[in-house]
Amino acid sequence: MNPGLLLPESALAAGAVIALLAGSWTPRRLQWIVRCVALLSLAAAAVFAAAAMARPATVTPEGVYALDAALHLARVAVPAGAAITILLAAGHVAGHRRESEFYVLVLLAALGTVVMAGASGLLVLAAGYLLASIPVYALVGFGKDALGTEAALKYYLMGALSGVLLLTGVTTVFGVGAAGDYATLARTLPDASAGVVAVGTTALVAGLLFKSGAVPVHFWVPDATQGAPAPVAAFITTVPKIGALAAIFRFADQALGETALNWPLPAALLAAASMTLGNLAAFFQDDVRRLLAYSTISQVGYLLVAVAAVHGSDTALSSLLFYLAAYTATNLGAFAVVCALPRARTLADYTGLMRKRPWLALSLIVCLLGLVGTPPTAVFIGKLTVFTAALDAGLVWLVVLAAVNTVASLFYYLRWILPVFRTAADDAPADRGGGADVPVVRWSAGVAVVAAAATLALGIGSSPLLDPLQTGVLVR
Amino acid sequence: MLSVVVFLPSAAAAVLLALPRLPDRAVIGAWVAAAAVDLALVIALWVAYPGGSGVTGDIAYEADLRWIPTVGSGYHIGVDGLSLPLVAMTALLFFACAVYSLREQRRVRAYAVLFLFLQTVSLGLFVSLDLILFFVFFDLSIVGMYFVIAGWGHGTPIRSALQFFLYTFVGSLALLLGFIGLYLAADPHTFDMVELARSTPLEGDALAGGLVLAAIAVGLAVKTPTVPFHTWLPPAHTDAPAPGSAILAGVLLKMGAYGFVRIAMPILPGVWRDYAAVFVVVGVVSVLYGALVALAQTDFKRMVAYTSVNHMGYIVLGLGAAGMAAGADLQASTLAVTGAVTQMVAHGLLTGSLFLLAGVLYTRGGTYDMAAYGGLAKAAPRFALVTAVAAFGSLGLPGLAGFIAEFQIFTGSLSSAPVPTALAFFGILLTAALLLRALQRIFLGQRGRAVRGEPADLSAAEALSTAPPVLLAIVIGIAPRFLLDVIEPAARTVAALVAQ
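Chains as they are written, first to last, in my numbering: chain S, 1 to 476; chain R, 1 to 500.
Quick caveat, the hints were computed from the structure, so don't treat them as lab data.
Mixed in with the good hints, there may be bad ones.
Stated by the list, open to error - Selected chain S positions facing chain R (in silico; Cβ < 7 Å):
(1) 24
(2) 26
(3) 30
(4) 254
(5) 374
(6) 375
(7) 387
(8) 407
(9) 465
(10) 467
(11) 468
Glycine is no exception: its CB is placed at the ideal position from the N, C-alpha and C atoms.
With the sequences and hints as input, model every part of the structure.
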């Protein structure tokens, strides 16, 4: 095959290798050079990806890697998410003993995530999954503190379990389908035993659900999000979703298309469970990171609504991809605010932020209302298109449930927004977070403002992204 | 031109945000100036308005740009007889609120920015001719008002604001589902209101049409609000700052009522006809229930809030009756629709002004409890006069805008829905009683305990903010032709659409 087709992936891999080598020989105070190398390779990956979009969608000759709309989006959104993570982390890990390793791990995880999004063969999917998972285990425990170690352990154990499940699923489907690539599977699976296909699919999807943090394999999300360093928390709740959901959608669309499996129903049930449980659990969280963790579980639910509409609507894919992009910008924006105020851990710590840090507070409000899906932010357009696709597919009950959930989610996001508006005088002087004397991580604050602006821009000017997604279909 | 009117306040808000060192007085000055310029522009639009039937065509100052073509949604704005009066009322009310806020001292910049933002949102909603654009403004109005109540309210503002947000947000999502239903039914898929009103995609599909109308009606009913979706309104009104209440009652409530005329009736005419009786009943219940509960209030502001439920009930009654009359009597249903739109304007002017006056009252005595006042007319004659005129207008005294509106609604509804209309007459009696009693308690008799010393009469700013809407209501009451000439052609179009 033509190696030029994989330039973005190559850029990420090369970036990781160069960063690792350069990091080993660079003095600690010059490690910012490694950071630049990592950012450069991410930028290169995105640029190559943008250049590749013009080409017609195609599959590699072996049939195991699809270059189409889903991959194009992942190739841009994942490096962007990784770059934001590195920018957010710059303040935390600068001068750290293992600074360059941090960047290498982020690059590798990004590469794995992109590969997952493009995989149209079972073995590539498994490889991408492992590459996307293992570096993240190390990242979660990067702080080496008690909370972080516990989080890493939990994440690793759940990850190992779901990794085994995924491999079991891959093996089973491979076994009954007698092929690894989705195009062949689409022909062979309808003749295979439906029960075995169902078991294999369940195991395979369970692994991918773990990566996206969906119910029922969501238990790691709150602990890992709370225990990991804040930038890592931003990464693990955002970026892997792009690869995992693209992979789920692709498998359902391409490999399962013709089987007797009633795919939309379980997907809809998973969506319903994920958004409902995530929202209910988020209600009375006082720790901002735990709140965002449960919010991310609920957001997977809305994303899975688009997956449930896979066979019923032509716009299911474009709505899913747009929602992923919108969610990436919005969630990273919210986490950027958290990173900018490292000492503010609880909702009360945000008291009076509006007065002291108006731009940061505005960014937070835009991002949180964005997560609700308030117009004209990007997630609103995402929800609009996802709801439209699902109604088109006849899933009225699911859309109504999603709407009800949206209202419920408003409650806990408002619990965070309210203290921002209160003046500190109204309450006890809880001046740990928003106080003018507290150092604000400037880079993170800048990222927050940019992300909030991007959320608005992507919402008001959604056409440039939505149009190409609309015409793009998954190649078969 | 219309876009300038809509976005001028937001541009002013952006400038205010960008100039952090401006003193508070200058901020409010800029706010008043922006609101005044916007009002002047709206008057210019009115003067140059060419007229026309509206709704499915003949829309003035139209702009139609590509926005999200993939989902069939565009930046489509324009005004016709249904929206122009509301646009003008909105601009006037926001100007009044800006003037009223001249003495505001708490976090002035954010306050001004929020109101300017709300002005853009409100104007934008009334000129939207695209469902998604409409929804965007609809939702943003909730966000803006939430921050006004939570940030500058009194009593338990956080609680009321949260209740307001959650309740109206539920409604807005129901609305969104209805809009998506319309979009999916249209062929080709579109969110364009004019296009949808021409093709009426859900005609003949009883089940889908009924479901979509139900979703849209619930969404709009929460915002209007009608019984039984009104429970968010009294706390939100009571705890909001005076200009917030004025905007909430004067402008935001109209968004729901306006949605019925602009979206539900023209796009789902047949379904509206089928379910018109439901709206008539809901309207009458709102009229009577709102009046009765208002009668039981001792809190002036709360009482005015409940009269809003009553007054919005007339609108729903008129629109429902127009649906029932359809086919039989185009003239009557035109009259009912015209009356409903006039009522939106009249209620906006009079109730907006009453809420500002309630704010004046609060600054004098620190309470809304009517029993704590008394005898204010002697010390504050101008205050008493303006309040009395606003209250009389509100109860529908001839010579004021409310009378014109209610008279048309009743005349238009009587033939098609005689019994409900007769019942609704009692609403007028009740509101007359309760408003007269309120006037008597506050302004006549012995001086109450809440006011110590000599209470000041209306200050210049207070007079300049409360009197213009009342004066305009008098003008409409005496010489309504200039308003009705604008509304009637569009109202006839709506009535004709429903009649087909």
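Hints violated by the structure (listed by number, smallest first): 1, 2, 3, 4, 9 and 11
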